[in-house]
Amino acid sequence: MAEKSTVRIAWIDGLRGIAALLMLNQHLGIWLWREQYRLFKDPFMLALNGLGGLAAPLFITLAGTGTVLLARRHRNPDRTCMLRGLCIMAFGYLLNLLTPGWFSAGSWYVLHMIGFALVLAPLLRRMPDSGLLLGLLLVLGVTVVLQNWLETPLRLSNTRMGNMKLDGGVFRLALAEGHFPVFPWLAFFMAGMLGGRWFMQKKFRFMVFLGSACLAGAGLLSACSYLKFDFAVSDPLIRACRLLPRFYPSLLPMSLLLLGLSLMAVYCCSTKGLGRLFSPSNPLVSLGRVSLTVLVVHVIVFRELSRVFGFFRVFSKYETLLLLAGLLAGFLLLAAWWKKADYRLSLEWVMRKITG
Numbered sequence: 114m115a116e117k118s119t120v121r122i123a124w125i126d127g128l129r130g131i132a133a134l135l136m137l138n139q140h141l142g143i144w145l146w147r148e149q150y151r152l153f154k155d156p157f158m159l160a161l162n163g164l165g166g167l168a169a170p171l172f173i174t175l176a177g178t179g180t181v182l183l184a185r186r187h188r189n190p191d192r193t194c195m196l197r198g199l200c201i202m203a204f205g206y207l208l209n210l211l212t213p214g215w216f217s218a219g220s221w222y223v224l225h226m227i228g229f230a231l232v233l234a235p236l237l238r239r240m241p242d243s244g245l246l247l248g249l250l251l252v253l254g255v256t257v258v259l260q261n262w263l264e265t266p267l268r269l270s271n272t273r274m275g276n277m278k279l280d281g282g283v284f285r286l287a288l289a290e291g292h293f294p295v296f297p298w299l300a301f302f303m304a305g306m307l308g309g310r311w312f313m314q315k316k317f318r319f320m321v322f323l324g325s326a327c328l329a330g331a332g333l334l335s336a337c338s339y340l341k342f343d344f345a346v347s348d349p350l351i352r353a354c355r356l357l358p359r360f361y362p363s364l365l366p367m368s369l370l371l372l373g374l375s376l377m378a379v380y381c382c383s384t385k386g387l388g389r390l391f392s393p394s395n396p397l398v399s400l401g402r403v404s405l406t407v408l409v410v411h412v413i414v415f416r417e418l419s420r421v422f423g424f425f426r427v428f429s430k431y432e433t434l435l436l437l438a439g440l441l442a443g444f445l446l447l448a449a450w451w452k453k454a455d456y457r458l459s460l461e462w463v464m465r466k467i468t469g
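For the sequence shown, our numbering gives the first residue as 114, with consecutive numbering after it.
Take the hints with a grain of salt, since some may be wrong.
Dumping the calculated PhoX-like pairs for lysine-lysine here, alpha-carbon to alpha-carbon at most 20 Å [as the list claims (entries may be wrong)]:
#	residue 1	residue 2
1	K385	K315
2	K316	K385
3	K452	K466
Simulated restraints, written as ranges between beta carbons of each label pair [claimed, not checked]:
#	residue 1	residue 2	range
4	S325	A442	30 to 40 Å
5	R359	R420	42 to 52 Å
6	S270	L390	32 to 42 Å
7	L159	L436	13 to 23 Å
8	L251	P393	36 to 46 Å
If you're looking for bench data, these hints aren't it; they were derived computationally from the structure.
Every residue, glycine too, gets a C-beta built ideally from N, C-alpha and C.
Generate the whole structure from the sequences, applying the supplied hints.
Put into structure tokens, the structure is as follows:
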């Protein structure tokens, strides 16, 4: 067997680091600001918060991209993917138990989605490009059917996304009505796999074509809804055409919009121009290497323990912005320092020890 490369591709970690910053920016801004109910009346805070909407799509897309590139560094990528998927799902369910103020025991969050997709990766990586593309479209189409069949509300509350007493229980949450259910979010993982293959084959224009097609599809569908065409504003196609500024649940136009933006981000960072910015010494690369740890720790501290210690939503707007800037800088500095110890005792380090 040919020797596998042990060199990590820095731009993936760098883009994952950007996703971590976007996640922290969105969550901490809402969890620190005492007037978060005024979000939609404050354009600056709304725009700042809205940037965080790209975090989860990027994480899931990059998980798919990384799955393709992982085969360059591991002799048995199928085993590694499946073990890491199970490990990440276990971290997800542990997070559910540690943050009862946000999640129920059966909540299906971004960690569960990524873990599940990694378990499926050995099957998905054997599909040709055309099969992955067809599968991506099928996932998006089935999402609309499922949402109609279940009569999924156009706005899902946090309580609803953790409710295991509805018909279908945890399977309903995992497949269609959790925070990041399989339908439609598996499509992001599959798009990431396509992006990884095209990066390896230097077919960068294919990323642009697919990303542009997704963005055009989102624009066309939402235009039909905006112009109030009959088919676009009533069942069964209302969930296929309405663009809403949220993804709980993710309706088809929003899924296509986020897919397009995620693929464009992968394209921009994978090309030589922008990709050169992500050297191994870049703090964003270090942050990307511990993004799983950052996700779990910041949720526990700032969403759960903050209530216990009395700093949940108690700060003014400007205090929040100052704290946010300091915390983001702190996470970057901590990640850069942690690199010197090879991220020892991080969740990523633990996972590598378990899965190889």
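Right, here's what the structure says about each hint:
1. K385 with K315: Within the cut-off at roughly 11 Å; holds.
2. K316 with K385: holds (13 Å)
3. K452 with K466: holds (17 Å)
4. S325 with A442: 30 to 40 Å: With Cβ atoms ~35 Å apart, the hint holds.
5. R359 with R420: 42 to 52 Å: violated (24 Å)
6. S270 with L390: 32 to 42 Å: Distance hint for S270, L390 holds at roughly 40 Å.
7. L159 with L436: 13 to 23 Å: 19 Å Cβ-Cβ, so the 13 to 23 Å window holds.
8. L251 with P393: 36 to 46 Å: holds (38 Å)
Hint compliance for this structure: hint 5 alone is broken.
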